[in-house]
Amino acid sequence: MSIFEYNGSALVAMVGKNCFAIASDRRLGVQLQTIATDFQRISKVHDRLFIGLSGLATDAQTLHQRLMFRHKLYQLREERDMKPETFASLVSALLYEKRFGPYFCQPVIAGLSDDDKPFICTTDSIGAKELAKDFVVAGTAGDSLYGACEAMFKPDMEPEELFETLSQALLASVDRDCLSGWGGHIYIVTPTEVKECTLKGRMD
Amino acid sequence: MGDSQYSFSLTTFSPSGKLVQIEHALTAVGSGQTSLGIKASNGVVIATEKKLPSILVDEASVQKIQSLTPNIGVVYSGMGPDFRVLVRKSRKQAEQYHMLYKEQIPVTQLVRETAAVMQEFTQSGGVRPFGVSLLVAGYDDKGPQLYQVDPSGSYFSWKASAMGKNVSNAKTFLEKRYTDDVELEDAIHTAILTLKEGFEGQISGKNIEIATIGPKRIFKVLTPAEIDDYLAEVE
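Residue numbers (numbering that gives the first Met the number 0), protein chains in the order written: chain A, 0 to 203; chain B, 0 to 234.
So that you can see chain A by itself, here it is in the shape it has in the complex (with noise of 0.2 Å):
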C-alpha cells in the first residue's frame, strides 16, 4: 500500500457564485483498520480562507502547525490576513523546501481572494500548484471525485445548491473507495458568512 494511501481521505473543493465550498470525509484509519470517525483535514485559516490537508495524517498535522506558524507571523508584521493565492504561493514553497524527503500530503486550499471572487487551488505533495476555475480535489478518493464532480458541476451556482451539489459529489465518491468515507465535513463560505455542516452518509 502506497504511504498516500496509509491513512485513508477524501477532499473536495468547489466554486459557486461568489462563494466557495469545502468538504472531507471523516475516517481516519491505519490500513485497513478504522481507528477514527471524526477527523477534521479542514481548517480555518482566516475567516475567507481554509485549507484542507489529504494524504498522511501525521505530515498533515505537523503541516497544518507550520502554515499556521507562518500565517500568524504574517498577520503581526503585516497587519493584515494573507490573501489566498499568496497563501497559495506559501504552502507550494513550504512543500518544495521538502523536495528530497516531502510531506506525504496533498493540500486543498480553498478561499475568497480580493473584491470576493472565490479561489481553489491544489497541489502535489511537492508543491506544483493547479489552479482550477470549478473544482480541485484530493486523497486516495480522487479519482472518483473527479468523475462524480465532472458529472454534477455547473458554474455560477448560488450556495445552497453549491451545498447540494458538492455533499452529493463527496457522498458518492467516498462510497466507492474503502479507505474514506464515515460521514463528510462541509463548509460553504460567502462574503457575509460561514456555515459548517457535518453529512450523514454510509456509516462504512
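If you're looking for bench data, these hints aren't it; they were derived computationally from the structure. Check each hint, because a few of them may be wrong.
Claimed, not checked - To give an idea of the interface, some chain B residues facing chain A are shown, with a C-beta separation under 8 Å as derived from the structure:
hint: 1; residue: L99
hint: 2; residue: Y100
hint: 3; residue: K101
hint: 4; residue: E102
hint: 5; residue: P105
hint: 6; residue: Q108
Ideal placement from N, C-alpha and C gives every residue a C-beta, glycine not left out.
With the hints as your guide, set chain B onto chain A.
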C-alpha cells in the same frame, strides 16, 4: 567629552547612554549632499544634489537614486559605497519576498527589513554602522509612502523630509510650503525649489537627480532633459 573614551567600540554604551559610533555615523550623513523627499496625495517625489568632484566625471554613470522594486525607490545622504551595499541587500530581500509569496513586498515591510539590516551592524562584532540615511519612496496598496531610515536602524514615515548638508534650511522651507493635498506635479516643483535654496552654483538637469512614483505605481528616475523642463517651469 567623557564620551570620547567610549567611541572606539560600537558595542559599548557611553555613560550618557549613547552609542557614539552611531552619532559619528549621523555626522557623516549630515555632511553628505542634500537629499529630500515629498509625499503628495497621488505619489511621491525624491531628489538629491549630484555634485561631482570634477567636470571630467561622466555624470551619466553616477546614479544616486536607485529602484528597489518596480514600485519602490530610494535616495541617500552620506557614503555612496555604503548605499550601494544596502541597495543590493534590500533588492535581494524584496525578491525573496516575491519568490515566496508571488506578491510585491509592501513598502513598510521592505523598510522594516532594511532597517533591521542597519541595526544588525550596530550590534555585531567587527563591523561599523552604515554611513547613510535613506529616503525610501514607494506606492503600494496603502497608497504613497515616504520613509527615512537612519544608521541606527530607526525609521520614520514622513510627509516631507530632507537630509544631508542643508537639512535645517530645507526642512524649514518644506514645512512652510507643504500642504496635505499637494499633487505630484506641485511636489516636484517644491522639491526643485527646496534644492535650489542651498545650491551652490548653477542648478541644471546634470547636477541634480529627481525620481517620482505616481498612481501607476512605477518608480521612474527623470532624465536630465525632463529635469531641465521642470527647471524651466520653475523659473
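Here's how the hints hold up against the structure:
no.	hint	verdict
1	L99	holds (5 Å)
2	Y100	holds (5 Å)
3	K101	holds (4 Å)
4	E102	holds (5 Å)
5	P105	holds (6 Å)
6	Q108	holds (6 Å)
The structure meets every hint from the earlier list without exception.
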